[in-house]
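Colleague: Residue strings, one per chain:
Protein chains: 2
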Amino acid sequence: MQGGYTGKVLRVNLTAKTTAIEDLPEEIAVNYIGGAGFGLRYLLNEVDPKTDPLGPGNKLIVSTGPLAGTEAPCASRMMFTAKSPATGAVAMSTTGGYFPAEMKFAGFDVLIIEGKAEEPAYLWIKDGVASVRNAKELWGTTTFDCEHLLKEKLGDQNVRVACIGQAGEKLSLMASIINEKHAAGRKGLGAVMGSKNLKAIVVRGSNPVKIANQEMFDQARARMLQAMKESPVLFPEFAKLGTPMVVEATSAAGIFPLKNFAATGEHDFVPGLGVEASLARKITKEYCYKCPVGCSQVKVAQSAPFTGSMSVPEYETYYSFGGTTMVDNVDAVIAADRLCDEFGIDTMSVGATIAFAMELREKGILTQEDTDGVDLSFGNAEAMVTFVKKIALRQGFGDILADGVRKAAQKIGKGSEKYALHVKGLELPAYDVRGAKAHGLNYATSYTGADHNRGYAFQEIFSIPVPYEVDRFAAAGKGKLTKWNQDTRSVCTDCAPMCGFLLDMALPAICKENTADLVSAATGLHFTPEDVYRVGERCNNTAKLFNVRAGFTRTDDDLPARLKTEPLKEGGAKGAIIPQAELDLMLDEYYAARGWTKDGVPTEDKLKELGLM
Amino acid sequence: MQGGYTGKVLRVNLTAKTTAIEDLPEEIAVNYIGGAGFGLRYLLNEVDPKTDPLGPGNKLIVSTGPLAGTEAPCASRMMFTAKSPATGAVAMSTTGGYFPAEMKFAGFDVLIIEGKAEEPAYLWIKDGVASVRNAKELWGTTTFDCEHLLKEKLGDQNVRVACIGQAGEKLSLMASIINEKHAAGRKGLGAVMGSKNLKAIVVRGSNPVKIANQEMFDQARARMLQAMKESPVLFPEFAKLGTPMVVEATSAAGIFPLKNFAATGEHDFVPGLGVEASLARKITKEYCYKCPVGCSQVKVAQSAPFTGSMSVPEYETYYSFGGTTMVDNVDAVIAADRLCDEFGIDTMSVGATIAFAMELREKGILTQEDTDGVDLSFGNAEAMVTFVKKIALRQGFGDILADGVRKAAQKIGKGSEKYALHVKGLELPAYDVRGAKAHGLNYATSYTGADHNRGYAFQEIFSIPVPYEVDRFAAAGKGKLTKWNQDTRSVCTDCAPMCGFLLDMALPAICKENTADLVSAATGLHFTPEDVYRVGERCNNTAKLFNVRAGFTRTDDDLPARLKTEPLKEGGAKGAIIPQAELDLMLDEYYAARGWTKDGVPTEDKLKELGLM
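Chains A and B, in that order, give the protein sequences.
Our numbering applies: residue 7 is where the first sequence begins, and numbers increase by one.
Our numbering applies: residue 7 is where the second sequence begins, and numbers increase by one.
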């Protein structure tokens, strides 16, 4: 590999109100490419794994990569990295929109935000110049209002804003960071911003991103567009339906979770949450910067009392405010989703936490009196929407739920832990992994907790035979597959950066080549597909090192007891279960594939091989 | 007067989807100056006074004037004119923000919108080019969301949007037109837009407004700024508190209406709605284009369940969602105001209509069952906010209330008419005019119904002795005063155009001179202060002609029975009342001052004098 790439890092100390610009070391560019790679590397280098995630010792790293802001399709992505207050492990969450491209136009690949502002502050970055400004008047506002106020204040309607809402201010461990309705949703990164008294980051730039080898870039881009065109699902299906199209697939496969994972299977939920109901609410679609797909399906609720609420609910939100809460009503899903975006809180964890409370109600552990007189029962749409707001604002019993299922169970006691479904403190995503075992192993081993995005097993969910065909119910072979999924995803999606949906739906067979070609052309560095894959592996080892130093062991690479002890009762995955023995088998295989010890710790050899020691 | 002013009129036929550009006739510029003058003239010329206000025969005229988009302070104002579906008389409503200036930059003084689009449409105007576009995908959205979607759709964050929300789509007779939180609130103009299937008007322009005589303009502007500087209330008081500062003044004077005008006087509402509570919620302020004052006080609700709601509630809204509904809670006022702006409905009429329903509940005419199980009692903040949404969306009993008190009383019957307080179908504003009689006479005679803005009696409300000192309880002399108030307001505020608050607070003594100087300099036409005053008189006569032809007579120039038969029971205006005899006396004096017949019809002589026949 040869040099040439010149990235810039903006270091901001909120305590001292100072900003400094650093060159991105070429060693980091070569070894990590961009995005999450940069975030993980700086996190490991600079943050004490034992630090209080909500203390000034934590750092919030905002990073994007070499493809953001270029003509590469679907590459306006950025990553937020910190120590997670929800899990205590690495938090890394990605988001799209226009902000990532604009951040590059403003001159930066990485923002490292340190310390804690004395008073509410926002960070304003314009064409290489940064300042920490007072945000007292923005405190207490929703993310939508905050964006509006900042545009007015700065006299520029074209700034891009990433900010927290009231949930982040109130340090909810489910708080998200929102930029124009796009969420860096999970792992409580909004609370990290809140703990730093940082209400918003605003960027504006006018410098185009330089391409080292334009001809090579154009050719790689043309190949990528061709692959997208040839995808059997990207156009028109995914472009028309967005992620909610997955409801029918997972329902048919018996892995769309219902009732806090106590039920599943084919069921009568599809009419309420399926394609027809979705299309009836769709009014338009929206595009991220330079995306030809536009998967954001803008929907408006049509029935009282939710009428008129507008949002872009994704598949995961159909699960969290639909299936798992047993609310067979897409209008309620839209309304709950909208509130989450406004208050800046994760739709997935909030819905999962409400489902947890609903199960406690059903089991008699909670009464209606406990929940502020609200009938928080499975299927009660209004109660669910009421509680979204209560949780985000920490009102009444919402305060008990505001930090997710693990903390809530600790406060409620009475055996409620049994119904708190999470991995490492992160609530489960929208797949019942008893019927998709590599996906389950990924939940158990992802460096962020139960995270569907770090190693999405599209082989099991969509029967795509890349890199090979798999049996979703089998445990054997899933260790290697999970490594492949995590490493390709980590680099092609999280570092390049690029939208994860492309990897699943259009590029699985060529994702490493595609990333190698585009990133090499953009940066002038030379990456082979093998280099790329190695970067993905390096990312996962870098994150794992942080987690090991934070105190995580093999016993944390676990799944909730319900998935290990209760077979699925009906539907397309009837009888499926992941007993502890099977999980152990998969973990053994996974650790071996990774070159880690039986306890899940990277070996010296592996670390040396990856240049990590 | 000599020529030189070249205004442009855009004529849009929604039925035919055609647009045409016309020169503004110099005769209209000379005789009407701009804004409401243009609107009233075109309405009288082109709309049948007997036409169905919600039929395709009505026209929506959007007009601004020669000062909009110039450096004149506080002149970014525009006027919407049509036949009102709420009153059947002229509807004319003004609003500010940035849209009016942008409309001038786009090249137009007047938009005349005719017919009815077959499908939902929006009007897009950019630098002299206009088109009618499909808005099917915008239908059903809130005004905030509609603005966002249009900016995305047009790929330009700097367009300015005036649109309707769900209330306008559903033809609520209280529906407003919203541009960036600024409302053309009253008289159901949002329903006129809705009836035409016109969701939004979008403007973008880059042509500066030409000034005919720059030196003269600069001097006039300097004199105006000096007068503003010397105002005893504009800075810092009004700039810091905005219109809500009036709550304490009217409370002390005993004319802040409580309980649907059944109570008033000094009361314990001030702590809940007064300066201290207001300032505690204030987070920032916002400015209209070229306004040095910034009276828009942005507030965030602080208490559950309203926490986090952000809005700019004005004094009138403190009355409608505060005093008259007996809700002593500024957070509820903010939340209700926000919903009104989102759904596009008038805060004043909605609050007044809810207060009417609350009184019916108190009197036993309505039960809790009638109101969808909601306890719609005086003082119930949550019930009030719930009903704002129900009304705007015509849900349940909200549908009965959605067309204001007059229509609701017709539907409810059982003697409810007695509690329906309105003039010509327009609900009462925030002044108990039993203690401010010129203001009351203005309610009775304004060409738009009970409208505080068409002839605001600041002499009575703020004891400003211009053009002379008055006794607010006296009836004698109020006919002439009301003519002066209506004519100066009509021209200085509604035609120039200029913000009405300036007239009340900074310029009362020089308003005609100020308008004459600035408008003459801007247009190259020559106006004396007498010419200006005459334009104001011409506006009121033009509107009156329309109303007479629509069938309005002296008996319509009335006040609600409660104000004529029930003396105020307590406070600073205790015992005050406007008996019919006193109203008759004032009407006689007013008609005489106007040169109208005893029946309130303009005489031939007067019309000839004003060039109206």
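Be a bit skeptical, because a hint or two may be false.
Copies of one chain are not kept apart here, so a pair can be met inside one copy or by any two copies together.
Subject to a maximum C-alpha distance of 30 angstroms in a straight line, what follows is the list of computed DSS-like cross-link-like pairs (lysine-lysine) [what the hints assert, rightly or not]:
| no. | residue 1 | residue 2 |
| --- | --- | --- |
| 1 | K291 | K420 |
| 2 | K159 | K291 |
| 3 | K612 | K23 |
| 4 | K142 | K288 |
Simulated from the structure, these hints should not be mistaken for laboratory data.
On a predicted model such as this, the values are computed, not experimentally measured, just so you know.
Colleague: Next, verify each hint and record whether it holds.
Modeller: Each hint, compared with the structure:
1. K291 / K420: neither (46 angstroms within a copy, 50 angstroms between copies)
2. K159 / K291: both (29 angstroms within a copy, 10 angstroms between copies)
3. K612 / K23: Classified as neither; 40 angstroms inside a copy, 70 angstroms across copies.
4. K142 / K288: between (37 angstroms within a copy, 11 angstroms between copies)
Violated hints for the displayed structure, listed by number in ascending order: 1, 3.
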